[in-house]
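**Student:** The listed protein sequences correspond, in order, to chains A and B. In terms of our numbering, the first sequence opens at residue 461 and continues consecutively. In terms of our numbering, the second sequence opens at residue 854 and continues consecutively.
If you are wondering where the hints come from, they were derived from the structure by calculation, not from laboratory data. Note that the structure is a prediction, hence the values are computed from the model and not measured. Beta carbons: idealized from backbone N, C-alpha and C, even for Gly. Warning: the hint list may mix true and false statements.
Unchecked claim - Subject to a maximum C-alpha distance of 25 Å in a straight line, what follows is the list of computed PhoX-like cross-link-like pairs (lysine-lysine): (1) 941(B) <-> 729(A); (2) 941(B) <-> 1160(B); (3) 1167(B) <-> 813(A); (4) 898(B) <-> 714(A); (5) 715(A) <-> 998(B); (6) 874(A) <-> 856(A).
Stated by the list, open to error - Here are the in silico distance ranges between beta carbons for each label pair: (7) 644(A) <-> 890(B): 38 to 46 Å; (8) 1157(B) <-> 836(A): 41 to 49 Å; (9) 1027(B) <-> 774(A): 42 to 50 Å; (10) 892(A) <-> 1160(B): 32 to 40 Å; (11) 1127(B) <-> 774(A): 58 to 66 Å; (12) 980(B) <-> 781(A): 48 to 56 Å; (13) 895(A) <-> 1041(B): 16 to 24 Å; (14) 890(B) <-> 781(A): 36 to 44 Å; (15) 480(A) <-> 1041(B): 27 to 35 Å; (16) 644(A) <-> 855(B): 40 to 48 Å; (17) 465(A) <-> 1041(B): 40 to 48 Å; (18) 1027(B) <-> 849(A): 34 to 42 Å.
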Amino acid sequence: MPTAMDIYKLLPKKNCGECKFPTCLAFAMQLANQKVALEACPYVSPEAKIALEESGAPPIRLVSFGSGELAVKTGDETQLFRHDKTFYHPTVLGFVADDAHGLDSMKSKMSAAQAAAFERVGQMIRVDSIALKHSSGKAEDFLEAVKIAAAQKLPLVIMTEDPKLMADAVALCGQNRPLLYRATPQNFDSMLALAKGCCFPLVIGGTANLDELSQLADKAKKAGVSDLVLEPGTSSAAQMLESMTAIRRAAIKKKFRPLGFPTMTVLGKSESDLMKAALGVMKYSSIILLEDVKPEFLFPLLALRQNIYTDPQVPIQVKGGLYSVGEPNEKSPVLFTTNFSLTYFTVRADIEKSKIPAWLLVVETDGQSVMTSFAAGKLTPESVAKAIETEKLKEKNGRNELVIPGMVSRMSGKLNELTGMKIVVGPRESSGLPKMLKSIAG
Amino acid sequence: MGFDIPKERFPGRIKEVSIGATKEQGGTRRASLAVGGSNGLQFHKFESESPHGPLIVMDVLDTVRVVPEQLMHSIGPVVKEPVEWAKKIEREWGADICVLKLQSANPEEENRSVAECEALVKEVLKSTTIPLMVYGCGFEEKDAKVMEAVSNAARGERLFLGLAEEKAYKSIAAATMANGHGIVAFSNLDINLAKQMNILLLDFGVKPENIIMDPLMAALGMGLEYSYSVLERLRLGALLGDPVLQMPIVCDCSCAWAAPEALEDNPQRGSVELRGIYWETMTAYAAVIAGADLVIMRHPQAVVKLKAALADLKGGA
């Protein structure tokens, strides 16, 4: 972001006060803090306006494609390390359907991409896109596939380096805003003209190095095409890491505008490509295309993406409530824990290990762990008693006994007083649960 | 004018630590393996040097009690024979280092005696030639005795003994110091605690070149993002010049097999064993990308996959 002094230099310096601030400098300070809009100044010159918009733009442009509820946003990242703030837009994963294998195969790839969705810790994680590629197959098949895919919900990537065929495909897309793949040094001018005409985002790739890539991006931008995605070379994981790091650093630390765009990596399905996809999720690929990969790999990859793109300041939570582990009845043991997802999953897994059915009461603590929420006063005998009340525990279970985490043994007395239940202090670490449950249930 | 890659130069460097001792050095290992020594972010070879790639440690457990059922089959009959298991990871599965986890010393389970633990360590040393690390069962009083015995029995081998924790480090530190071994300093996902552990050990008299840190690797889906960021921050802190953070890092990725999602039956997510293999591979891959110098692994096929990925990250042949 520009400083107040940078902005001040571009203002008319009339101190007219029409912006409701006494001086232009005061107005500049408000602008630098993003408290007011530049439009409040009636006298700002068009040149200054462009310059200010340019310098105020995010270091990496936000580019979106697709339409409707599944449309994806990429780019607009501000960090090199997630712990410095967060990564905002999870890597878009897409499957490639190649016309070399015929229309039927393309159709089945489309269905595979549609179906690749999993629910995990209360969120849907899925393959976000389908890429249709023209290689050695028939152009009619390719266009037919575009027509079918454009009518479906998944955001679309159209892959051909032939500008004429790309134009035919674009004409079939209607409102489904596809990503056009790709402009290369060989077809650059005609692809650029096409992207400018239809206003769809364009991938630039196939360059010899990052220097050439940045020059083409700069050229495109000057020609008025700003929705760009950059595809650096990825011959090895080492090269991929180097290019992706260079682009991210240049954009964020050097404010180097020609590389301030989302990035893309196109892979196959070899073992090394699979691991490169995992690398891209961690190290700055905005979009990754794979051939449809086996679920044994896809699910862990999507979980990795979910983990890496979790906001470090906002823990993943589970919903408060009474959960059953196995098929508990009115005589089964009752335990409680907090709604920090890691705590919940760990405790749940350890109860499952005991093979003893049990009730697990999850108390809402804004996603904090047992110790943290206890220290912060969010986990109190009162909040536990209230959860017992709300969940009507006593109607479901007549044991009248509550196993509490060993870390909060101090709340035993008060909890007993509030609930009338017998309090059993559990282990300090949930790994001790199987042994303990066996002893109290046996 | 060409585009220049914006490069980062750091004032700090990770300490070089060697594990295992050869005959000349007073041990019986075929090699003493060095880790650490890097002056940049992991695999950023365009701007830094990393003389020693991440090493692969494979674990050997002395009781089947803690081995998931699905793994029994992949590891095979040797799962019941720790000495045979150790031979296998060296000769067939390509481990750089072996870590023997003496879980059966647990006084609440098998409660195997100190003498039996010591005998097992001796037998593993006799049957293998790769460097060895030995972990206790996590019960302070028992581990104090086991580690003392192991340390004496393996004098000169330059074992790495673990895990030293904030509230239980003195006896194990004393055991390593007595016979020239190294120590693994454990901390629970907390960069300040990781630093504190190193300070405690240094104050106690352990030499910095005898310490590696274990900041707790959480498996994929089980809080991996916390570990990932702790690792990145530890590595950056070390490179920015904090000498108390410059110890190499070991991440125990066998924890992937304790993640329920890695092993639950769910046809939509594919076969259990292969999913588990990728679960472990990806956990270890994230660990090395974020900064681990050593990863502890369990499944031979996960090791194969990780090794190929490491070669690719180093730029191939």
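**Student:** Look at the Cβ atoms of residue 1157(B) and residue 836(A) and judge whether their distance stays inside 41 to 49 Å.
**Tutor:** holds (45 Å)
**Student:** Can you confirm whether the C-alpha distance between residue 1167(B) and residue 813(A) stays at or below 25 Å?
**Tutor:** Distance ~40 Å between residue 1167(B) and residue 813(A) Cα, so the pair is violated.
**Student:** Take a look at whether the Cβ-Cβ distance between residue 890(B) and residue 781(A) falls inside 36 to 44 Å.
**Tutor:** violated (51 Å)
**Student:** Could you see if the CB distance from residue 1027(B) to residue 849(A) stays within 34 to 42 Å?
**Tutor:** At 53 Å between Cβs, range violated.
**Student:** Holds or violated: 38 to 46 Å for the Cβ distance of residue 644(A) and residue 890(B)?
**Tutor:** holds (41 Å)
**Student:** For a C-alpha distance cap of 25 Å, please report whether residue 941(B) and residue 1160(B) respect it.
**Tutor:** Holds: residue 941(B) and residue 1160(B) sit about 17 Å apart, inside 25 Å.
**Student:** With the threshold set at 25 Å, check whether the alpha-carbon distance from residue 874(A) to residue 856(A) stays at or below it.
**Tutor:** holds (23 Å)
**Student:** Could one say that the CB atoms of residue 1027(B) and residue 774(A) fall in the range 42 to 50 Å?
**Tutor:** holds (43 Å)
**Student:** Check whether the Cα positions of residue 715(A) and residue 998(B) lie no farther apart than 25 Å.
**Tutor:** Not satisfied, since the Cα-Cα distance of roughly 59 Å exceeds 25 Å.
**Student:** Between residue 480(A) and residue 1041(B), does the beta-carbon spacing fit 27 to 35 Å?
**Tutor:** Violated, since residue 480(A) and residue 1041(B) (Cβ atoms, about 54 Å apart) do not stay within the stated range.
**Student:** Residue 941(B) and residue 729(A) were given as a pair; does the straight-line alpha-carbon distance stay at or below 25 Å?
**Tutor:** Answer violated: residue 941(B) to residue 729(A) is near 30 Å, above 25 Å.
**Student:** Just to be sure I understand the hint, the distance between the Cβ atoms of residue 465(A) and residue 1041(B) should be within 40 to 48 Å; is that true here?
**Tutor:** holds (47 Å)
The structure shown violates the earlier hints numbered 1, 3, 5, 11, 14, 15, 16 and 18.
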